[in-house]
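Residues per chain, in single letters:
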Amino acid sequence: MSDLAVKPIDEVTPQVSGPPKAADALEARLAALDLPRDGFAVAARVDALARLRAMGLPAPRDEYWRYTDPRPFNAPEAQALPIVGGPESPLFAARDTLTLVFVDGVFDAAASDDPALDGVEITSLADAGAGHWAEDLYGTLEAAGQSPVRRPFAVLNTAAARDGLLIRVTGTPSKPVHVLHRRGTDAADAVWHHVIRVEAGAELTLLESGTIGARSNGVIEADLAPGAKLHHIAAKRANDPKVGLSHLFARVLDEASLKSFTLAVNGRQMRHEAVIDMVGDDAVAHVAAAVMGDGHVGPFHHDDTVFITHAGLRGESRQVFKKVLRNGATGVFQGKILVKQGAQKTDGYQISQALLLDEASQFLAKPELEIYADDVKCSHGSTTGAIDDEALFYLRSRGVPRDRAIVFLVLSFLADALAEVEDESLRDEINERLDAWLTDQPLN
Amino acid sequence: MLNINNLHVKLEDEDKAILKGLTLEVPAGEVHAIMGPNGSGKSTLSYVLSGRDGYVVTEGEATLDGASLLDMDPEVRAAAGLFLAFQYPVEIPGVGNMTFLRTAVNAQRKARGEAELTAGEFLKVVRAKAADLQISPDMLKRPVNVGFSGGEKKRNEILQMAMLEPRMCIMDETDSGLDVDAMRLVADGVNALRSPDRSFLVITHYQRLLDHIKPDVVHILSNGRIIKSGGPELALEVEENGYGDLLAEAG
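These protein sequences, in sequence, are chains A and B.
Residue 1 is where the first sequence starts when you use the UniProt record's numbering, and the numbers rise one by one after that.
Residue 1 is where the second sequence starts when you use the UniProt record's numbering, and the numbers rise one by one after that.
Quick caveat, the hints were computed from the structure, so don't treat them as lab data.
There's no promise every hint is true.
[What the hints assert, rightly or not] Within a straight-line C-alpha distance of at most 30 angstroms, the following computed DSSO-like cross-link-like pairs (lysine-lysine) qualify:
no.	chain 1	residue 1	chain 2	residue 2
1	B	Lys228	B	Lys10
2	B	Lys141	A	Lys259
3	B	Lys141	B	Lys124
4	A	Lys377	A	Lys366
5	A	Lys175	B	Lys141
Starting from the given sequences, assemble the full structure and let the hints guide the process.
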């Protein structure tokens with residue numbers, strides 16, 4: 001068994017190579033967490049803690065954190081950020097879904113549906129004991145995703161997460177699994193870790209909505225067997241001030257398909273990382289986001305960091321990121337396609353675009369391609385622009401008021417990202433909600 | 001209906017005068033055509049009347065039914081009954097043609113204090129009018145002008161005109177890019193809209209469109225002014241002899 005199971009955290013010998021100050025900061029961060037010391041996946045947690053001590057927390061000078069300040073994530077305590085605005089029905093709430101409620105990152109069985117559903121086995125991480133099937137997977141995709149770039153907060157998550165879902169998909173469930181987040185306290189520091197294993201030929205739609213903690217750190221590890229399909233759509237409540245980190249680590253085998261879409265409207269500081277390893281032949285991975293940030297609602301900084309590795313033949317990957325920014329909002333995109341030697345016939349596509357509604361906002365983009373195969377098709381593009389005056393005039397000349405015309409043009413700009421939501425009714429619901437949010441907060 | 005008096009317009013970005021004292025009256029129920037060589041100010045006239053940014057009116061006025069147009073926002077002009085059929089209709093991905101059209105119709109109705117059309121009422125009307133213009137239900141569902149051929153875009157403009165029922169229609173080179181059949185379809189759509197209380201200002205390079213949409217008056221625009229007005233025979237004269245004689249005559 002691990003040292004952790006028997007020793008308090010301050011007695012575990014730190015293995016730190018960095019300067020003492022950084023090590024102190026990490027220890028302070030760890031001390032504020034209630035690290036699990038036994039039960040499910042304890043070996044993976046011990047390993048994660050050792051890895052974290054070896055790499056340390058990120059510093060603002062780190063290349064991978066050049067555009068996003070890691071300090072709000074480094075601080076031992078979360079800052080209290082009260083919810084703004086009145087009650088709002090979460091997205092997907094009206095649908096027939098298997099709804100699983102998390103309060104501040106902790107599964108609330110009493111508020112949730114009975115997790116029994118044909119084609120899928122679901123256990124909460126807190127309820128899973130040693131020997132659960134997910135122990136073999138927990139932390140492994142995260143650990144594999146640490147090279148060539150370190151992602152310390154994901155390691156921290158593996159060490160510290162006390163709850164999450166362990167989902168094994170064996171068939172095609174009749175309805176989506178819907179993770180509905182609720183915030184319990186204003187200073188909630190929510191940490192959760194989902195492990196999803198989609199077996200050969202099985203298919204799952206995973207929805208996420210609701211209000212997450214003032215600070216959050218969520219990890220999803222998704223393992224897709226040959227022919228498996230996972231549709232992931234995350235659309236949290238708009239306008240909530242929050243400091244959030246999320247990581248999606250996925251391994252995609254032969255003919256498997258992963259499609260992940262994120263919607264974000266206002267907030268404070270968020271960073272979403274997707275690390276996808278397309279190991280199998282004919283694998284498909286699409287990652288997309290539609291983001292809107294208005295500095296008047298509150299400070300806004302939104303970072304999408306994507307790393308897609310093509311290792312198999314004929315893989316198809318798409319990254320489609322669209323950000324609408326105004327009043328001093330900042331959008332960041334760091335996206336990479338790595339095509340390994342032998343990954344012939346790869347089709348990689350990446351586009352990141354910002355619509356800046358004023359001169360105070362900014363978009364920072366770092367698109368990267370690294371290709372070691374000689375028969376591939378890879379393209380990337382990044383643009384930053386303003387509202388098209390010609391289109392605005394066209395709409396207004398038909399009698400559409402200016403505010404409404406701008407809403408149309410914003411929705412038009414985001415359409416390519418929304419098109420990555422395969423299910424038409426889900427896409428329509430997201431589009432309608434976006435429209436309602438935009439209409440409530442005119443962007444003129 | 002439309003009165004333009006001594007209109008002087010320059011570009012906002014450069015000190016270049018485009019319209020230099022243009023005077024024109026289009027009474028209710030009439031169709032007037034404007035022809036003129038490239039650079040004479042035809043498109044500028046259509047944009048200034050409909051309220052596009054980028055132009056500065058330095059002198060003169062333009063009124064629709066007595067109300068001054070030039071201080072109104074474009075959407076207010078539209079609600080007042082002005083419509084511009086674009087030479088190059090704009091593509092708007094991600095916004096459904098029907099959604100756009102219904103928003104426009106209801107925004108105008110609301111601005112005029114009229115009851116908005118329900119989805120059902122709107123659908124019924126739009127389907128009938130689309131059928132007249134041979135616009136398929138699929139085109140109605142598609143994003144505004146996206147993937148439309150040149151002819152489809154122009155027919156879509158006429159559909160918008162038919163749905164919005166403007167009092168004053170300005171058509172900016174609606175015939176450009178149209179084959180003979182498409183031109184006939186567009187002209188039929190326009191002719192169906194002709195009525196005693198609706199007027200048209202048809203801007204065109206070619207007489208051919210005027211075979212289909214018979215004008216009451218033809219104006220020749222050159223260097224920012226109307227240099228000659230006459231009946232439909234004036235368009236035929238231009239078609240035969242070009243603008244040279246008319247320009248020389250005007251000095």
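Hints violated by the structure (numbers, ascending):
The structure conflicts with no hint, since it agrees with every one listed earlier.
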